[in-house]
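Q: Protein chains in written order, with this note's numbering: chain A, 68 to 399; chain B, 68 to 399.
Since the hints were derived computationally from the structure, they do not count as laboratory data.
Hints are not guaranteed to be accurate.
Stated by the list, open to error - Derived pair list, reagent style DMTMM-like, types lysine to aspartate or glutamate, alpha-carbon separation capped at 25 Å:
{"#": "1", "chain 1": "B", "residue 1": "K320", "chain 2": "A", "residue 2": "E282"}
{"#": "2", "chain 1": "B", "residue 1": "K320", "chain 2": "A", "residue 2": "E309"}
{"#": "3", "chain 1": "B", "residue 1": "K221", "chain 2": "A", "residue 2": "E258"}
{"#": "4", "chain 1": "B", "residue 1": "K388", "chain 2": "B", "residue 2": "D122"}
{"#": "5", "chain 1": "B", "residue 1": "K388", "chain 2": "B", "residue 2": "D164"}
Number of protein chains: 2
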Amino acid sequence: MTDFVKIAVDAMGGDNSPKKIIDGIIHNHNSNKKNFYKIFGEKKIIENLIKNKIDKSYFELVNTTNKVHSEDSPLEAAKRGKDTSMWMAIESVKNKDCDIVISAGNTGALLVISKLNLKMIENIDKPALSALWPNKKGMSVVLDLGANIECSPKNLFDFSLMGSALYRSLYDNKPNVALLNIGSEELKGNETIKETFKLINDKQISDFNFSGYIEGNDLMNGNVNVIVSDGFTGNVALKTAEGTANFITEELKKALTGNLIGKISSLLNMYNLKKFKKRLDPRLYNGAIFIGLDSPVVKSHGGTDFIGFSNSLDVCSRIIKGNLIEKIKNNI
Amino acid sequence: MTDFVKIAVDAMGGDNSPKKIIDGIIHNHNSNKKNFYKIFGEKKIIENLIKNKIDKSYFELVNTTNKVHSEDSPLEAAKRGKDTSMWMAIESVKNKDCDIVISAGNTGALLVISKLNLKMIENIDKPALSALWPNKKGMSVVLDLGANIECSPKNLFDFSLMGSALYRSLYDNKPNVALLNIGSEELKGNETIKETFKLINDKQISDFNFSGYIEGNDLMNGNVNVIVSDGFTGNVALKTAEGTANFITEELKKALTGNLIGKISSLLNMYNLKKFKKRLDPRLYNGAIFIGLDSPVVKSHGGTDFIGFSNSLDVCSRIIKGNLIEKIKNNI
Numbered sequence: 068m069t070d071f072v073k074i075a076v077d078a079m080g081g082d083n084s085p086k087k088i089i090d091g092i093i094h095n096h097n098s099n100k101k102n103f104y105k106i107f108g109e110k111k112i113i114e115n116l117i118k119n120k121i122d123k124s125y126f127e128l129v130n131t132t133n134k135v136h137s138e139d140s141p142l143e144a145a146k147r148g149k150d151t152s153m154w155m156a157i158e159s160v161k162n163k164d165c166d167i168v169i170s171a172g173n174t175g176a177l178l179v180i181s182k183l184n185l186k187m188i189e190n191i192d193k194p195a196l197s198a199l200w201p202n203k204k205g206m207s208v209v210l211d212l213g214a215n216i217e218c219s220p221k222n223l224f225d226f227s228l229m230g231s232a233l234y235r236s237l238y239d240n241k242p243n244v245a246l247l248n249i250g251s252e253e254l255k256g257n258e259t260i261k262e263t264f265k266l267i268n269d270k271q272i273s274d275f276n277f278s279g280y281i282e283g284n285d286l287m288n289g290n291v292n293v294i295v296s297d298g299f300t301g302n303v304a305l306k307t308a309e310g311t312a313n314f315i316t317e318e319l320k321k322a323l324t325g326n327l328i329g330k331i332s333s334l335l336n337m338y339n340l341k342k343f344k345k346r347l348d349p350r351l352y353n354g355a356i357f358i359g360l361d362s363p364v365v366k367s368h369g370g371t372d373f374i375g376f377s378n379s380l381d382v383c384s385r386i387i388k389g390n391l392i393e394k395i396k397n398n399i
Numbered sequence: 068m069t070d071f072v073k074i075a076v077d078a079m080g081g082d083n084s085p086k087k088i089i090d091g092i093i094h095n096h097n098s099n100k101k102n103f104y105k106i107f108g109e110k111k112i113i114e115n116l117i118k119n120k121i122d123k124s125y126f127e128l129v130n131t132t133n134k135v136h137s138e139d140s141p142l143e144a145a146k147r148g149k150d151t152s153m154w155m156a157i158e159s160v161k162n163k164d165c166d167i168v169i170s171a172g173n174t175g176a177l178l179v180i181s182k183l184n185l186k187m188i189e190n191i192d193k194p195a196l197s198a199l200w201p202n203k204k205g206m207s208v209v210l211d212l213g214a215n216i217e218c219s220p221k222n223l224f225d226f227s228l229m230g231s232a233l234y235r236s237l238y239d240n241k242p243n244v245a246l247l248n249i250g251s252e253e254l255k256g257n258e259t260i261k262e263t264f265k266l267i268n269d270k271q272i273s274d275f276n277f278s279g280y281i282e283g284n285d286l287m288n289g290n291v292n293v294i295v296s297d298g299f300t301g302n303v304a305l306k307t308a309e310g311t312a313n314f315i316t317e318e319l320k321k322a323l324t325g326n327l328i329g330k331i332s333s334l335l336n337m338y339n340l341k342k343f344k345k346r347l348d349p350r351l352y353n354g355a356i357f358i359g360l361d362s363p364v365v366k367s368h369g370g371t372d373f374i375g376f377s378n379s380l381d382v383c384s385r386i387i388k389g390n391l392i393e394k395i396k397n398n399i
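Chain A on its own, in the form it takes in the complex (with noise of 0.2 Å):
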């Protein structure tokens, strides 16, 4: 089984877990037979929820009585002990164990505790909280989205070396990186923007193009593969990138189905209707990618369900046969 990816899973956090835990698990094998779970939390219940759908072969479960509850703040986790199944996932990474660790509860404890277990990258000063997000063209990876709130130009210069990692990782292809502004042009933005700015330029990069500045309307329009920003700005774009296509959705539907006719030709349209669901679905870009530390840590949202947590798996193993953590060495 070497060339097996094999995946440390917490299975006791987020909404509907362990049974969306493991329903995603099984989702996951039902396509891809290259994974191998290693499964942590409470045996009986997930013993019940697993059994003859997937060969013992393929997964192992370890037993764990105790877990980071979704209220907690990071330091009550990290005081909750060493026998939670999100600390004992995350050491099974530690210990070379597993590849990669995944899980789908607490992220401010998810965060803390794989700071506490795993070690930084040689010459990484900051770990970031990195996603992929839809554009135009494809998919963008967007760093750092909220794990840290003041950066300095040295921290957005290693997150543009990591975001080119993880997106060659991912796609396999030479990515156009830009630094989030408010303005297309080198003299606008904040003084930490613009020595970043001076940074790469002045390195001359070869793992990536350098794009320069791109401004919010720009996002997802598809021409630039890597977005770097600090972590407030970048979780407020996040955030209202996905409360505004909440607002449009909704407003949508209303519209179109207001009255009978609407009702009608939207029935006759339900096939394309699902198509632009299809496309815009969060669960095709669920999960986010802790990176920075010596292992990848995979922090799929809470509330999604089975099928989201399953895409998650995939991110998982794309990572890893994507030799995302050398990647990021050799462009130190």
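Fit chain B to the given chain A structure using the hints.
A: Here is chain B on its own, set in the frame of chain A:
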């Protein structure tokens, strides 16, 4: 004509000016006979555009031969001199000849020339660029959108008072005010935001209800009427929302018209789709408002059409009738 709102109009800024500007004035005049337009621009062209469409008692033409260019830096724009249409329009407000000034031209130039000519309201340290933003229940006011990249707690506190005054002058309602942040818990965010939170809480403002923090995904749920942010974050949020809206409506168009069934049912559903489009029409909330100076300055989007410009003229008259400046002074 004492109850008239006297609007100074820079007719030479923005795409397709002065035609768009004059058509906007004519359109505005047709539904509102309580505005007087003092128009600054090339007299001969404008006379030709306006002839007989508005009675001469409703407007005055001031010939200008110089103008600010869209690609001018703010400094270059100021250096073009006091005979540009933009400068002269602003000056007419400074001289109390007009109540309010509007331009669809270069934003940076408008901010700088306004600051050069108009006094700050006492005890306000920085003026802010604010705009209207659609939400599920109506419209909210968002500020700052890019006039101030870095802000102190005092600045953000001032913005909350100015934003509240703007909301009241437009909608005559006590608003809920919130700070844009990356979490809703009291502990989240950077130091500036946390201090602002404390400042607003301690002062026990009676002019608005303080709702604490708001995250990007809640911007459009309509529970908050005034959203306060530094100019960098606010600008990124606004533009990201714009970009997301464009992305989604384009994807929708592609999905709905990708095949014959789609085209037929969309045709059937044209009325509803139009209703949807109208609800999201950016012309409805065209116009940013620069507040903090002793006269309000309105910036129409350079790329909007005459209907969008006419809507911005409406915003001008509502602001003046709502006594915006007086309300701000009372709040400070």
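Q: Could you run down the list of hints and mark each one as holding or not?
A: We went through each hint and held it up to the structure:
no., hint, in the structure
1, B:K320 - A:E282, "holds, 24 Å"
2, B:K320 - A:E309, "holds, 20 Å"
3, B:K221 - A:E258, "holds, 21 Å"
4, B:K388 - B:D122, "holds, 23 Å"
5, B:K388 - B:D164, "holds, 16 Å"
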